[in-house]
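So the protein lines, in turn, are chains A and B.
Using the numbering used here, you'd call the opening residue of the first sequence number 1 and step up by one each time.
Using the numbering used here, you'd call the opening residue of the second sequence number 115 and step up by one each time.
These aren't lab readings, by the way, just hints derived from the structure by calculation.
It should be emphasised that the depicted structure is a prediction, and the values quoted were computed from it without experimental measurement.
Possibly wrong hints are sitting among the right ones.
In silico EDC-like cross-links for lysine to aspartate or glutamate, where the CA-CA straight-line distance does not exceed 16 Å [to be verified]:
#, chain 1, residue 1, chain 2, residue 2
1, B, LYS222, A, ASP56
2, B, LYS182, B, ASP198
3, A, LYS44, B, ASP169
4, B, LYS166, A, GLU102
5, A, LYS44, A, ASP56
6, A, LYS9, B, GLU130
7, A, LYS44, A, ASP26
8, B, LYS222, B, GLU129
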Amino acid sequence: NAGVTQTPKFRILKIGQSMTLQCTQDMNHNYMYWYRQDPGMGLKLIYYSVGAGITDKGEVPNGYNVSRSTTEDFPLRLELAAPSQTSVYFCASSHGGRDSYEQYFGPGTRLTVT
Amino acid sequence: GDSVTQMEGPVTLSEEAFLTINCTYTATGYPSLFWYVQYPGEGLQLLLKATKADDKGSNKGFEATYRKETTSFHLEKGSVQVSDSAVYFCALGNMYSGGGADGLTFGKGTHLIIQP
Chain A
1 NAGVTQTPKF
11 RILKIGQSMT
21 LQCTQDMNHN
31 YMYWYRQDPG
41 MGLKLIYYSV
51 GAGITDKGEV
61 PNGYNVSRST
71 TEDFPLRLEL
81 AAPSQTSVYF
91 CASSHGGRDS
101 YEQYFGPGTR
111 LTVT
Chain B
115 GDSVTQMEGP
125 VTLSEEAFLT
135 INCTYTATGY
145 PSLFWYVQYP
155 GEGLQLLLKA
165 TKADDKGSNK
175 GFEATYRKET
185 TSFHLEKGSV
195 QVSDSAVYFC
205 ALGNMYSGGG
215 ADGLTFGKGT
225 HLIIQP
């Protein structure tokens, strides 16, 4: 099993550009999450999904969009990149239910917006 | 809302030293508590967990006990190794926090450096 994979590993965007961060898991997990990690800070939840076709906002959703058309994939879309979105982005997945907090993380995408 | 506070780093120790990383939390209801570890260049990995008061989680020589009376979940290891160098995150999951979010609430992380 590859677990949770994320692409790209690194990306530099100009202000106003758009991009999609890809996330795929091969563990047949129902729940998937997107977090951002700012320097010296803990992770903050952006969006999450409890199954294909179902998504919901987390703590810091502004400036982002998500979709979940399949169990495996959970892409994160940045429409108009801003310097405040410079961060490391982590995708995670879990079985859900009582095991929803045992999350498996991808290696992260380091995004810089200039 | 829920919050997690953990000791600031970096924490630098010599190999075979005793490790304690403090973690306290604020939450309504009965959260589950976790320690995650992040090795350089990698994503977070679950290290150990405890789901109710007085539970002790343990893994790879690390231990933490869920203390409801002091709202704490301190991480300990009796003898650290260079390979334990990483960032350690205390986190909680709380189905009682409302708002519908199902993610974890993380502390800021503690960078641990073990010197040979």
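Quiz item: Given the hinted pair LYS44 (chain A) and ASP169 (chain B), is their alpha-carbon gap at most 16 Å?
Solution: With Cα atoms ~26 Å apart, LYS44 (chain A) and ASP169 (chain B) exceed 16 Å; violated.
Quiz item: If you draw a straight line from the CA of LYS222 (chain B) to the CA of ASP56 (chain A), is it 16 Å or shorter?
Solution: With a Cα-Cα distance of about 24 Å, the restraint between LYS222 (chain B) and ASP56 (chain A) is violated, given a limit of 16 Å.
Quiz item: Is the hinted pair LYS222 (chain B) and GLU129 (chain B) satisfied, with a Cα-Cα distance of at most 16 Å?
Solution: violated, 24 Å
Quiz item: Does the structure keep LYS182 (chain B) and ASP198 (chain B) at a Cα separation of 16 Å or less?
Solution: violated, 27 Å
Quiz item: Regarding the pair LYS166 (chain B) and GLU102 (chain A), is the alpha-carbon distance no greater than 16 Å?
Solution: Roughly 15 Å separates the two Cα atoms, so the pair holds.
Quiz item: Does the structure keep LYS44 (chain A) and ASP56 (chain A) at a Cα separation of 16 Å or less?
Solution: holds, 14 Å
Quiz item: When you check the alpha-carbon spacing of LYS44 (chain A) and ASP26 (chain A), does it fall within 16 Å?
Solution: violated, 24 Å
Quiz prompt | Given pair status - GLU130 (chain B), LYS9 (chain A), alpha carbons within 16 Å | solution = Between LYS9 (chain A) and GLU130 (chain B) the Cα gap is close to 35 Å, so the pair fails against 16 Å, i.e. violated.
Checked against the numbered hints above, the structure violates hints 1, 2, 3, 6, 7, 8; every other hint is satisfied.
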